[in-house]
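Start from the sequences, fold in the hints, and give me the full structure.
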Amino acid sequence: MPIVRFVREGRDVDCLPGAILRDVALAAGVELYGLKGKLGNCGGCGQCSTCFIEVVGPSRSLPLTPHTETECKLLRRRPQAWRLACQAMVEQSVAVVTRPQTALKERDALVDEALARELPAGTTRAALELARAAEQEALAAAEAPQADQQTE
Numbered sequence: 001m002p003i004v005r006f007v008r009e010g011r012d013v014d015c016l017p018g019a020i021l022r023d024v025a026l027a028a029g030v031e032l033y034g035l036k037g038k039l040g041n042c043g044g045c046g047q048c049s050t051c052f053i054e055v056v057g058p059s060r061s062l063p064l065t066p067h068t069e070t071e072c073k074l075l076r077r078r079p080q081a082w083r084l085a086c087q088a089m090v091e092q093s094v095a096v097v098t099r100p101q102t103a104l105k106e107r108d109a110l111v112d113e114a115l116a117r118e119l120p121a122g123t124t125r126a127a128l129e130l131a132r133a134a135e136q137e138a139l140a141a142a143e144a145p146q147a148d149q150q151t152e
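Numbering (the UniProt record's numbering), first residue to last: 1 to 152.
By construction, these hints were calculated from the structure, which means they are not laboratory data.
Predicted, not measured: the structure shown is a model, and the values here were computed from it.
Careful: at least some of the hints might be erroneous.
[Unchecked claim] Below, a list of computed lysine-lysine pairs in the DSSO-like style, where the Cα atoms sit at most 30 Å apart:
id: 1; residue 1: K105; residue 2: K38
id: 2; residue 1: K36; residue 2: K73
id: 3; residue 1: K73; residue 2: K38
id: 4; residue 1: K36; residue 2: K105
Structure follows, in structure tokens:
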């Protein structure tokens, strides 16, 4: 399973491939929102841009699904590494900084430390789907002899 490394919080959270980053953060108790976002977020509909995060590390675009049209509109004047957590789905393990607009004391040192620790790639969605298909085939093959015995 992919791991989301929340740099500001110093936490690693497991998730399923294809999980929405916002849902992963909220389920783990990670605070995505500043004061404005707490009072006026859209609930994950991609309309307010209060849940943006910064993807850090060498492969900034690979671990998450590509930018949505909504993100491109709302974040057009923001750095390319910023994403809306409600629009980004986790494909592989990723390191993120929540609330990147808010000052973070010793930010660079925290990011360097987070990236120095190995971040396993995790299972991709494609690999998970292949494993599920193989499991279903095995179940079907196991059930086939039982069905033949019942018809005899």
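Each hint tested on the structure:
1. K105 to K38: Since the Cα atoms of K105 and K38 sit roughly 22 Å apart, the hinted pair holds (cutoff 30 Å).
2. K36 to K73: With a Cα-Cα distance of about 20 Å, the restraint between K36 and K73 holds, given a limit of 30 Å.
3. K73 to K38: At roughly 22 Å apart (the allowed maximum being 30 Å), K38 and K73 satisfy the hint.
4. K36 to K105: holds (21 Å)
When each numbered hint is compared with the structure, no violation occurs for any of them.
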